[in-house]
Amino acid sequence: MPSVLFDAKDVTKIEPITTSCGMVFAGLMADFRVLVRRSRKRSQTYKLTYGENQPISQLVKETAQVVQEYTQSGGVRPFGVSVLAAGYDEEGPHLYQIDPSGVYIAWKATAIGKGDQNAKSDLERRATAGISFDDMTLDDAIHHALQTLRTGMEGEMTKTNIQVGVVDGTTKAFRILSEEEVQDFLEEAR
Amino acid sequence: AAAKLSPCRRRRNLRASPDHPYRSVAPGPRADCAAFGSSQAFTMDSTIGMRGDGFVLLAADANAGRSILIYKQDLDKILPISENQIMATVGPQADCSVFGEYIQKNMRLYELENQINLSTFGAANFIRGELAKALRRGPYQVNLLLGGAAKDEEASLFWMDYLGTLQKVNYGAHGYASNFVLSLLDAHWEKGLTEEQAIEVLRKCIKELETRFMIALPKWSVKVVDSEGVRVIDFN
Chain A
1 MPSVLFDAKD VTKIEPITTS CGMVFAGLMA DFRVLVRRSR KRSQTYKLTY GENQPISQLV
61 KETAQVVQEY TQSGGVRPFG VSVLAAGYDE EGPHLYQIDP SGVYIAWKAT AIGKGDQNAK
121 SDLERRATAG ISFDDMTLDD AIHHALQTLR TGMEGEMTKT NIQVGVVDGT TKAFRILSEE
181 EVQDFLEEAR
Chain B
1 AAAKLSPCRR RRNLRASPDH PYRSVAPGPR ADCAAFGSSQ AFTMDSTIGM RGDGFVLLAA
61 DANAGRSILI YKQDLDKILP ISENQIMATV GPQADCSVFG EYIQKNMRLY ELENQINLST
121 FGAANFIRGE LAKALRRGPY QVNLLLGGAA KDEEASLFWM DYLGTLQKVN YGAHGYASNF
181 VLSLLDAHWE KGLTEEQAIE VLRKCIKELE TRFMIALPKW SVKVVDSEGV RVIDFN
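Residue numbers (full-length UniProt numbering), protein chains in the order written: chain A, 1 to 190; chain B, 1 to 236.
Source of the hints: derived by calculation from the structure; they are not laboratory data. The reader is advised that the hints may include incorrect statements.
In silico DSS-like pairs for lysine-lysine, Cα to Cα no more than 25 Å straight-line [claimed, not checked]:
1) A/Lys159 / A/Lys61
2) A/Lys159 / A/Lys9
3) A/Lys41 / A/Lys61
4) B/Lys133 / A/Lys41
5) B/Lys151 / A/Lys61
6) B/Lys151 / B/Lys219
7) A/Lys47 / B/Lys191
8) A/Lys47 / B/Lys207
9) B/Lys207 / B/Lys219
10) A/Lys159 / A/Lys47
11) A/Lys114 / A/Lys172
12) A/Lys9 / A/Lys108
13) B/Lys168 / A/Lys47
14) A/Lys13 / A/Lys120
15) A/Lys13 / A/Lys61
16) B/Lys133 / B/Lys151
17) A/Lys159 / A/Lys114
18) A/Lys172 / B/Lys204
19) B/Lys105 / B/Lys133
20) A/Lys47 / B/Lys133
21) B/Lys204 / B/Lys191
22) B/Lys219 / B/Lys204
23) B/Lys168 / A/Lys61
24) A/Lys114 / A/Lys13
Given the structure is predicted, the values throughout are model-derived calculations rather than measurements.
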């Protein structure tokens with residue numbers, strides 16, 4: 001938080017896009033809002049046309065297309081955000097990263113933002129140490145994520161200054177964990 | 001928007017409105033509809049469909065004609081719109097072929113863009129949406145049955161009409177045949193029909209039409225779609 005005067009109640013970095021997909025960003029919050037709005041609208045248009053939820057792979061592709069157009073059009077500047085999109089579709093869970101260039105990459109585990117290099121090395125170390133990101137449980141995944149997040153964080157990690165969003169395999173729904181749930185995970189991680 | 005291809009049909013069949021030199025209006029009902037007092041063009045073709053155990057059977061008559069004339073008796077009115085979905089159309093041949101091909105090409109575009117096929121439910125909603133959008137612009141006079149049995153999905157049959165009605169059904173029919181055949185399907189269809197049983201039910205329906213329907217429909221094209229693809233049944 002930039003200052004002690006900051007009112008942190010309504011700050012949210014993770015945004016649900018559809019019932020089974022959510023996005024988080026690193027970079028300019030205002031640019032992220034534009035992408036969130038476009039993705040939400042596009043996925044609802046898809047739902048109107050086909051009666052079904054848009055698969056996250058298609059949503060990410062189309063959002064990335066929007067980002068790319070801003071790198072090749074006159075009078076606009078590229079989006080100043082990197083986006084991580086998580087979702088569940090017919091083929092299972094997916095995690096995608098969208099870069100300001102319009103490139104989208106599918107990941108098993110990744111990090112973006114300040115300290116992303118350290119965080120990614122941390123995740124790679126866990127992977128080479130034998131932890132399989134392909135078939136871990138949701139609880140384990142949250143543990144690993146919080147531990148990796150802590151390595152890059154200045155100051156203490158509390159339930160109010162982090163947010164955790166998950167896509168559950170059983171419900172296939174995207175949700176942001178409540179502060180109580182985050183607190184439980186933080187205590188377990190200690 | 002999902003449908004990227006736009007047909008040129010609108011330019012073709014709009015006429016100038018009577019009080020304005022260049023603004024156009026959608027065509028009014030045709031002479032044959034006006035006679036019936038409806039906005040639907042009645043043609044003499046028919047289609048019958050039913051859902052079975054892991055497959056959908058669609059049958060459409062093979063006559064192509066207008067008024068008292070038959071042009072040909074081997075017209076295939078059942079279009080494959082993807083590897084595991086078929087669509088049988090009823091209506092004026094022009095609308096059926098324009099709309100049918102429009103749907104076919106858009107389904108193919110989806111496949112190419114997304115490396116995955118649409119589910120039958122998704123295809124049904126897309127097709128219905130196109131019919132509904134065109135209704136107030138210049139309707140496609142197409143009534144259709146959509147049958148699909150994609151992988152990992154139950155075999156499903158959808159009944160659609162030119163107004164944009166959409167309903168998932170176990171069996172259905174379009175055209176004059178529906179007046180004769182729906183009661184038979186009601187009596188003889190049951191859940192989990194095998195292909196042989198479905199063809200038997202179809203034979204009963206066609207025999208009924210031969211006995212009671214004024215227009216002779218000697219040849220039918222019959223197709224079955226299941227998770228392995230589309231098969232033509234040698235019926236005649």
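Non-conforming hints, listed in increasing numerical order: 1, 6, 7, 8, 10, 11, 12, 16, 18 and 23
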